[in-house]
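Numbering (my numbering), first residue to last: 1339 to 1446.
Hints may be right or wrong, so weigh each one.
[Said to hold, decoys possible] Label-pair distances were calculated between CB atoms; the ranges are:
{"hint": "1", "residue 1": "S1380", "residue 2": "D1437", "range": "23 to 31 Å"}
{"hint": "2", "residue 1": "I1414", "residue 2": "S1438", "range": "34 to 42 Å"}
{"hint": "3", "residue 1": "I1403", "residue 2": "Y1427", "range": "14 to 22 Å"}
{"hint": "4", "residue 1": "F1370", "residue 2": "Y1427", "range": "16 to 24 Å"}
[What the hints assert, rightly or not] Only pairs whose alpha carbons sit at most 25 Å apart, straight line, appear in this in silico DMTMM-like list of lysine to aspartate or glutamate:
{"hint": "5", "residue 1": "K1343", "residue 2": "E1432"}
{"hint": "6", "residue 1": "K1439", "residue 2": "E1354"}
{"hint": "7", "residue 1": "K1439", "residue 2": "D1400"}
{"hint": "8", "residue 1": "K1440", "residue 2": "D1376"}
{"hint": "9", "residue 1": "K1378", "residue 2": "E1389"}
{"hint": "10", "residue 1": "K1343", "residue 2": "E1434"}
{"hint": "11", "residue 1": "K1350", "residue 2": "E1340"}
{"hint": "12", "residue 1": "K1440", "residue 2": "D1400"}
{"hint": "13", "residue 1": "K1343", "residue 2": "E1354"}
{"hint": "14", "residue 1": "K1343", "residue 2": "E1389"}
{"hint": "15", "residue 1": "K1350", "residue 2": "D1400"}
{"hint": "16", "residue 1": "K1378", "residue 2": "D1412"}
{"hint": "17", "residue 1": "K1439", "residue 2": "E1389"}
{"hint": "18", "residue 1": "K1440", "residue 2": "D1412"}
{"hint": "19", "residue 1": "K1350", "residue 2": "D1376"}
{"hint": "20", "residue 1": "K1439", "residue 2": "D1412"}
{"hint": "21", "residue 1": "K1440", "residue 2": "E1340"}
These are calculated hints, taken from the structure and not from any lab test.
In this text, a Cβ means the ideal position worked out from N, Cα and C, and glycines have one as well.
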Amino acid sequence: QEHAKCRAFIEKAVSESQAEHIVVATHHVPSFQLVSPDFKGSPINGAFTAELGNFIAYSRIDYWIYGHSHRNIDRIIGNTQCVSNQLGYVNHGESESFDSKKCINLML
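Sequences are here, hints too, so could you generate the full structure?
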């Protein structure tokens, strides 16, 4: 129920936006297309991933920034650049792909 309310909020905000560029940021991974190969087939993927791939693919969103997976997977869905730059658990070697200089360019 909470997921449905949050999803409706994002969809409404995006559809009503008159901004030149749209950036969405969520804690959870917004599509199973962005799940790390490290977790392929894991029964707990649904605990940190919401399948919004079709919504993203047909939206006007420029960037979707996400986290929670402890893996940095950047991929384009439709015209949306999905990006993450997570530090993860430093003591477990998850910080190796973190880029302290990573940024997005809204001067498209």
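Checklist entry - Against which earlier hints does the structure fall short, listed by number upward? => result Violated hints (numbers, rising): 2, 5, 6, 10, 17, 19, 21; every other hint is consistent with the structure.
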